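**Q** Sequence:
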Amino acid sequence: MKQAILFIIFIAKVNSDNDSGWALVGNPLAAAHPCNDSQDISISYEPGRSPDEENEYSVFLTKKYPAHSIIILRFDSDASISLNDKSFARVSVNPDNSFSIRFFKAHNGLGLTVKGLIPGVIPYLTSVVINSKQYCSKPWVGILDGFIQGYKDTAESPDRKPKKNCGRRQVTHTELIVNGALTKPGDWPWHVALYRIDRSTIKYICGGTLISKNHVLTAAHCVTIRGVPALPETLSVVLGKFNLIGGDTESVEREVHSIVVNDQFDHRRLENDIALLKLKSEAVFNDYIQPACLWYPKAVERLPGTEIFGTVVGWGFENTDALAPQLRKAKMPLVGESTCIKSNPVFYSKLLKNNNKFCAGYRNGTSACNGDSGSAFQVFLPDKTGDDNPDAVGAWYVRGIVSVTLSRVDVAICNPEEYVVFTDVEKYKHWIEKHM
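Under mature numbering (1 follows the signal peptide of the UniProt record, and there is no 0), the letters of the sequence shown match residues -16 to -1, 1 to 420, in that order.
In case anyone wonders, no lab produced these hints; they're calculated from the structure. All figures in this text were calculated on a predicted structure; none of them were measured in a lab. Incorrect hints may have been included.
When the alpha-carbon atoms are kept at most 20 Å apart in a straight line, the in silico SDA-like pairs for lysine to any residue are as follows [to be verified]: (1) LYS282 - LYS187; (2) LYS368 - ARG152; (3) LYS264 - THR218; (4) LYS99 - ASN68; (5) LYS334 - SER61; (6) LYS48 - ASP69; (7) LYS136 - GLU37; (8) LYS47 - ASN115; (9) LYS70 - SER42; (10) LYS315 - ASP171; (11) LYS117 - GLN23; (12) LYS334 - LEU390; (13) LYS187 - ARG210; (14) LYS334 - VAL388; (15) LYS99 - PHE83; (16) LYS334 - LYS147; (17) LYS197 - ASP271; (18) LYS147 - ASP69; (19) LYS315 - PHE269; (20) LYS168 - PRO309; (21) LYS70 - ASP60; (22) LYS315 - THR167; (23) LYS47 - LYS70; (24) LYS337 - PHE269; (25) LYS334 - GLY320.
With these hints in hand, go ahead and build the complete structure from the sequences.
**A** Below you can see the structure in the form of structure tokens.
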């Protein structure tokens, strides 16, 4: 159990115009000891600041420092630091990216400001060495991540009642989820296969999700060519499919009437990677063809825990580097933005900068891969809030759409040891409803 305690300090002042005599000034400060083995190091953080400023906090060291003392600080990600008072010490960066603070005068205590160089990522102390002695061998990394809010420009008051007409299996059989485990027909009746028709050949290109009798949700990069929507007649949608090639008795093919790609889709950066396909004829719902539900802002309140787990299904590449012959599934956790970016700052910071995507995965081989693009990151919500029974009754909600991941060094296919980036469906709920 972590011994560090996060607490809130309220800043107040006497207000002569207020009968109570007290009023809050600014935001409350969050304060804590970032090293579980030291009470001499503390931090303070002001929640609610702008997205460009919310990865900044203050550090205080309470010891007495003789002249010529040296403090070496290390962080878990790129940072800049500045001394609150430059009259007794100076700071410099070392070749290993650690920081040295050298005292040219004796002083009691030290205060400094730490700021992350990557937007949305807070750099955490991992080492504090004072005059060759370690004072932070048990750092509390991630202590402030819950305060990061990013940009939020929309809000809604949703209907919290469980939806009864979507996201519900009609077939009851199932199997345990193992690294890319097989499913059974009817387990994921909203998952569809997208094919591209080229002259006399038809090729599987992506997955998608049926969200109404007429509409399929998928990734924009699946249905565009260099950012331009493909011709509807070159695409085919197969509902209720289980076997990638033949062998299905319950699958139904539908032609595409129109393709709606998000106006802000950038095919080079895969920003706003979302599209809707309108079918020429309605889907007929049965045991093997059903619509999924769409995630909404307050859906997380119905989950039994604080961590969000989603399931991705598809015919994506297996360990053999070939498409799976039958529909497979993999369960993975949604990962915090800072954790994702820290795993590969150059790649993930660019993809996540507009706050319309999220990361998920384990970095252990359980991942979405080539062929899974456009498929849903779907989360099970129990009808009864907080119900963690394995047999709980509920529905599946589309939380995200498989968009992109890092490729392997040796070949141009996905690297299952890296996180997957998903388009955040919650951020596009109004766009989806507008075009349905």
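**Q** Are the hints correct? Go through all of them and say.
**A** Evaluation of the provided hints:
no. : hint            : verdict
1   : LYS282 - LYS187 : violated, 39 Å
2   : LYS368 - ARG152 : holds, 15 Å
3   : LYS264 - THR218 : holds, 13 Å
4   : LYS99 - ASN68   : holds, 13 Å
5   : LYS334 - SER61  : holds, 16 Å
6   : LYS48 - ASP69   : holds, 15 Å
7   : LYS136 - GLU37  : holds, 15 Å
8   : LYS47 - ASN115  : holds, 12 Å
9   : LYS70 - SER42   : holds, 15 Å
10  : LYS315 - ASP171 : holds, 14 Å
11  : LYS117 - GLN23  : holds, 15 Å
12  : LYS334 - LEU390 : holds, 13 Å
13  : LYS187 - ARG210 : holds, 18 Å
14  : LYS334 - VAL388 : holds, 12 Å
15  : LYS99 - PHE83   : holds, 13 Å
16  : LYS334 - LYS147 : violated, 36 Å
17  : LYS197 - ASP271 : holds, 14 Å
18  : LYS147 - ASP69  : violated, 58 Å
19  : LYS315 - PHE269 : violated, 26 Å
20  : LYS168 - PRO309 : holds, 13 Å
21  : LYS70 - ASP60   : violated, 25 Å
22  : LYS315 - THR167 : holds, 12 Å
23  : LYS47 - LYS70   : holds, 17 Å
24  : LYS337 - PHE269 : violated, 39 Å
25  : LYS334 - GLY320 : holds, 15 Å
When each numbered hint is compared with the structure, violations occur for hints 1, 16, 18, 19, 21, 24.
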